[in-house]
Amino acid sequence: MSPPLGESVYEVFARKSRGDPLRHIGYVDAPGVELARVYAWKTYDEENWFEMCVVPRGAVIPVNRPEGPWARNLPKEGDER
Amino acid sequence: MSPYTEDELKAKIHGGYILESPEEMTPGYRKAIIVQLTVQADTELMSAPAYWLAARHAPSTNTQVSAHAIIQDELAHANIAYRLLEDMGVSKEHLVYGREPHEFKHPYGFDQPLDNWAELVVANGFFDRAGICLLGDVHRNTSYGPLKRALVKVDMEETFHLRHGEVWMRRLARAGGAATELLQRCVDWMFPMTIEWFGLPDGLKRHSGQLDYKLKGLTNDELRQLWMSSTVPLCEGLGLKAPAHYDEQKEEYVLEYPFPCQYDPEVKRWLFEDGEITWQAVFERWKGRGPMNERYVESVRRSRGAVGSWLN
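Going line by line, the protein sequences match chains A and B. Here my numbering = 1-based position in the first sequence + 175. Here my numbering = 1-based position in the second sequence + 2.
Misleading hints may appear alongside valid ones.
Straight-line alpha carbon distances no greater than 25 Å define the calculated BS3-like cross-link-like pairs of lysine-lysine that follow [stated by the list, open to error]:
#, chain 1, residue 1, chain 2, residue 2
1, B, K243, B, K216
2, B, K155, B, K207
3, A, K191, B, K155
4, B, K270, B, K243
5, B, K207, B, K107
6, B, K14, B, K270
7, B, K150, B, K270
8, B, K150, A, K217
9, B, K33, B, K243
10, B, K14, A, K191
11, B, K155, B, K216
12, A, K217, B, K155
Calculated Cβ distances over 12 Å to all of chain B for the following chain A residues [claimed, not checked]:
#, residue
13, R190
14, R193
15, G194
16, Y214
17, G243
Hint data in this document are derived by calculation from the structure and do not stem from the laboratory. The C-beta atom is built at its ideal place from N, Cα and C for all residues, glycine as well.
Only chain A is shown next, with the shape it has when bound in the complex (with noise of 0.2 Å):
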């Protein structure tokens, strides 16, 4: 069974405080950014969080690692981007 709003996957970071790291605490499907947004905000509201933001998954680029998941975003051979 697909989903049947075409949703995509949306990784979620949040900072704490300022002066504290960006983290990655998790993610949410969501049909586009603005439902993204809502989702994140109202899965990860165990903090009162000082900053948080919502990146697609496919925009993740590994550097170093070839698994995991943002490892298909990999820059294939002859790619040029």
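Guided by the hints, dock chain B onto chain A, whose structure is given.
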């Protein structure tokens, strides 16, 4: 494809190795963690409709808002666990919408109706505490990095649910009269329900691989003891009778009723007088699911079609 054999992976894990992606999993590891996460996700998901129906009985608007905050947490926890499964190639869509209600893997306790506010707060005090025992152990011990991180939020929020349960149990116990009687009736059916939730005793446990792969650290009996070690003193402190006590000689909590035993869901009563039954009989009762199974599943699925139309 995992670069390791089953034995190599187990040995690495016991040396402290943490997996960071599904590609590192062997077929045995993958199978074991899928079972674990499905139970976890289904349990969080089914707690939501159970709590939601009970929240209608909240004594005030403020208390209903607290109950709804707990429900929202549970849905987020379910979503997080289903999302982890999705990365292992298991369809969240199928798990939530494609199964028959009886195929969900939550415990039998979440097939039962919670009929009043006392039952809701004892569910927080007992069931959510069981969740903390189980998931806290997973958090401390799991060899799967993404799950360990996801559980930081889950543990934090389950502790809030437990506190909600304890505060209200204390309030109802102090109220005396009908409120305290109601609270005792909750303990009478919900204490053994939670005890059974932890599953087969270690002596009868089939080999699941969850300990070999360090998907958890404690055995069923250890978790049951852990749960009793805080629940029994809580009940005693509130003047409630829990069917278990600490045995100084054995240095553990012992149950004061035949375990396992049969349950009558219609009247919410354990049939202690009929004596001990086999675990086979327990599994059959679980498999038959409880009275609210279909209604709860239907209730979490209801608005699926509607979300698409809201977006248009």
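Right, here's what the structure says about each hint:
1. For the given pair, K243 of chain B sits about 36 Å from K216 of chain B by alpha-carbon distance, which is inconsistent with the 25 Å threshold.
2. Distance hint between K155 of chain B and K207 of chain B is unfulfilled; the C-alpha atoms sit about 30 Å from each other, more than 25 Å.
3. Taken as a hint, the K191 of chain A and K155 of chain B pair is honoured in the structure, with Cα atoms around 13 Å apart against an allowance of 25 Å.
4. Distance check on the hinted pair: K270 of chain B and K243 of chain B sit about 17 Å apart at the alpha-carbon level, within 25 Å; holds.
5. Between K207 of chain B and K107 of chain B, the direct Cα distance comes to roughly 18 Å. Compliance with the 25 Å bound is thereby established for this hinted pair.
6. Under the criterion of a C-alpha separation no larger than 25 Å, the hint pairing K14 of chain B with K270 of chain B is inconsistent with the structure, at around 47 Å.
7. Taking the CA atoms of K150 of chain B and K270 of chain B, the gap is near 36 Å; set against the 25 Å cutoff, the hint is violated.
8. For the hint linking K150 of chain B to K217 of chain A, the alpha-carbon distance of about 20 Å falls within 25 Å, and the restraint holds.
9. For the given pair, K33 of chain B sits about 41 Å from K243 of chain B by alpha-carbon distance, which is inconsistent with the 25 Å threshold.
10. Taking the CA atoms of K14 of chain B and K191 of chain A, the gap is about 34 Å. The hint is violated against a cut of 25 Å.
11. Pair hint K155 of chain B plus K216 of chain B holds up; C-alpha atoms about 21 Å apart against a cutoff of 25 Å.
12. At most 25 Å may separate the alpha-carbon atoms for a hinted pair to count; K217 of chain A and K155 of chain B meet this at roughly 13 Å.
13. For R190 of chain A, the condition that its CB be more than 12 Å from all CB atoms of chain B holds, with the nearest at approximately 15 Å.
14. Chain B leaves R193 of chain A outside its interface by the beta-carbon criterion, the shortest separation being 21 Å against a cut-off of 12 Å.
15. Residue-level check passed: G194 of chain A sits 20 Å from the nearest beta carbon of chain B, beyond 12 Å.
16. At roughly 8 Å, the least C-beta separation between Y214 of chain A and chain B is not larger than 12 Å, which violates its mark as non-interface.
17. For G243 of chain A, the condition that its CB be more than 12 Å from all CB atoms of chain B is violated, with the nearest at approximately 4 Å.
Checked against the numbered hints above, the structure violates hints 1, 2, 6, 7, 9, 10, 16 and 17; every other hint is satisfied.
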